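Top to bottom, those sequences are chains A and B. Counting from 1, one number per residue, gives the positions in the first sequence under the numbering used here. Counting from 1001, one number per residue, gives the positions in the second sequence under the numbering used here.
Honestly, the hints are just simulated from the structure, not real lab data.
DSSO-like mimics (lysine-lysine), calculated; alpha carbons at most 30 angstroms apart, straight line: (1) A:K338 x B:K1202; (2) B:K1023 x A:K377; (3) B:K1202 x A:K233; (4) B:K1228 x A:K338; (5) A:K339 x B:K1202.
Please read these numbers as outputs of a predicted model, since none were measured by experiment.
Here's the letter readout for the chains.
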Amino acid sequence: MTQLKELLSTLEHVAKHPAQVINKCLEDKRLMIGCTPEYCPEEIVYAAGMLPVGLWGGATSIRNANQYFPAFACSLVQTTLELGMRGVYDQLAGVIIPAHCDHLKCFGQDWKVAVPQVRFIPLAHPINRKLEAAVEYLKSEYSRIKSVLEEIGGKPISHQDLSEAIEVYNLHRKTLREFTLIARDYCTTITPSVRHNVIKSGYFMDKLEHTQLVNSLIGELKKAPPEEWKGQKVVLTGIMAEPKEILDMFEEYGLAVAADDLAQESRQFRTDVPEGKDPLERLARHWSCMEGCSLLYDPQKNRRFMLKTMAEESRADGVVACIMKFCEMEEFDYPIYKKTLEEAEIPLLYLELDLATPSLEQVRTRIQSFAEMISLKP
Amino acid sequence: MITAGVDIGSTSSKVVVLEDGKKILSKVIIPVGAGSSGPARAFEQSIREVNLSREDIKRVIATGYGRTHFPGADQQITEITCHARGVYELLPGVRTIIDIGGQDAKAIRVGQGGIVSNFIMNDKCAAGTGRFLEVMSRILEINIEDLADLAALAENPASISNTCTVFAESEVISQLSGGTSREDVAAGIVNSVVGRVAGLVKRLGVQSEVVMTGGVCLNWMIIRMMEKELAIPVMASPMAQLTGALGAALFAFESAR
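In isolation and in its complexed conformation, chain B is listed as follows:
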């Protein structure tokens, strides 16, 4: 039986196509998300790559911020539930998930059988989210993927406010105008995200094992700093930003079976 999970985030669209709930037939990431052509393109590409049509897919579950507006879905499940399911499949020992998405950050407690037993989302502002990193990378004139490597070269990481994206943006500009090196500012940005998200995780309660999911877990500096902040090893999900789509595809398989 073929099932699919479509994770429509605010900044990217991810699709995983599964066979019999086990074998991944295809996985696609398109770097545009909710409200764009991204979800449809990602879905089309994922089935085209394996010579399938929509009729061949027994069940499709949409997740993520744009889940309610994907016309091809049979059901919608939130990314919180799907990330927990995806992580349970990949790393069954995980009890704490840190998912930093494009516009929000979440700390998720995984209970028995991969079921969510508690979660916390950020509130009040966009600090500590992928959007924050994007804005800051733009000011530093680098690609977001290069932020970790730049931050690793810091000698004296700058102190960046971790309370507000808008104020932090002004702060970064002032630091750069004041002569602080780009490397030190980049490290300050990473520390700022880590500080904000670690606070969220501590509110939930840190329980081993801890994994990070979402696109931000590709930033190795954030993982390293998060480990330091939480004083516990933190893994990156092997499927990073595809973890939620995997969870959705698994739910699709389980509900269609």
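Next up, chain A with everything else stripped away, as it sits in the complex:
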């Protein structure tokens, strides 16, 4: 039990105080590259011997970023730019910014001007991602990023470096998948916040070290029998379940997380980089293999079926859509999976979230009402 507590405490500390981890990295003279949402080829950064650091905004007020963004830009890009403009990311050697949505497209361009001290590394994914031409194109994008990182790091990145990085990342993905499966049997210990912190801490640590810690955590959890859970369980979907206070509210109202379909969490690790000979091609093909995200072009809209299956298999009592305010990509998908879930009689909560708004009372009412609704459901 002591070992379990120590592991959870370590991971929580990293998730809540990434600056300390980053300072350690600076002491070790290891370069760091920021990776903004939602999908960056972290393996290339890792292969360069650098530490990829996830930049997913934060709970802060907007004072500078509104020079560049209109009020209806999502708070994820606004708060990340705000923190960048305040110099919070000055220790990074560069920032990779993909252009998955309109807000991210502007974000990259804004970064170049607003945070010139941290090098902007653009990345444009292909939309028609199932075509061979798309793989070829994305491979060329990754090749360009590799060259930029080689220039920053002052040394070449070999095929072997890349292949090894892919193995490290695939192992990390497998470990986190195992953790999320185990976590649903230990809902008292692995509360929604604890679960989130275990996953989030991986954004600020070397993936090898994080894999080891999570593996140890899984081992410690398995030592005890599964915990009885008297509350309800939900599946989370959307971009991310922050600000962190909302997860505390889940706990307060007896809601555990049975599974997630969040871009910040499971969407990052539910699909491995496929096998192959050319590591850059493998990474490019990864983009074609992923499914069920609002940012991935999918004319069949299979996310709706994935969510239904996820809720049924995890025996969840409902699904919570964590919609980042003004996130058009998620808003477009919502009515489609809402219909499917309604037809399957799976309760669905629409939770509009904003990282920059300190008042969460309306969110509290929604979460508590949903908890009351599913707990009283005949």
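Given chain A, put chain B in place with the hints provided.
Relative to chain A, chain B alone:
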């Protein structure tokens, strides 16, 4: 057994004291809500009126926006669940509740036994809420209670944006400066609230019977326009803004029994 429900909204505090889950002993409304002395005053008054003390109340449930900060409560339940319970007691045939509160609007689907089976709350802005009506009434220099009667005199209702309270405020000022009559502007304001909230109800799906709760249901013009917009009869809750407090008092009785 005596139980009480305390509904602390953003603009008013409401209390219902019940005997044996059936007889209403007292009901009090104080026109100040969360963060004020309103909840405590309303509660004190409600028990004083029937010569009771806190010790006589077996269980108190707080609901509404300020529910988490009422020290006298044994439990907190949201206004969504409490409105559904209160409405089920008063009008058991109701399947759709429209609750327009001080700072939010909600559409609630009532399922079997008065249990909520779905709900939607407004998001992004305060348009279509009681606060919107308050702001607009202030510009028209009338009491909010008089808005319906003024709107009823309209000859050519003005068109008011229903997307943003702040822009709508500027729009109302410009309409008045441009010579539009106060009656036509008042009708435009009512239409604006109805348009916004009806959209919410349609997203939930309109199912008969439909009732409106909350203080805004006292505005008869809003009820009439809502009926027109939804093309279905809309009732006003007989206990209007006390419906949530009634639901809370009923839950208190059921959980203490």
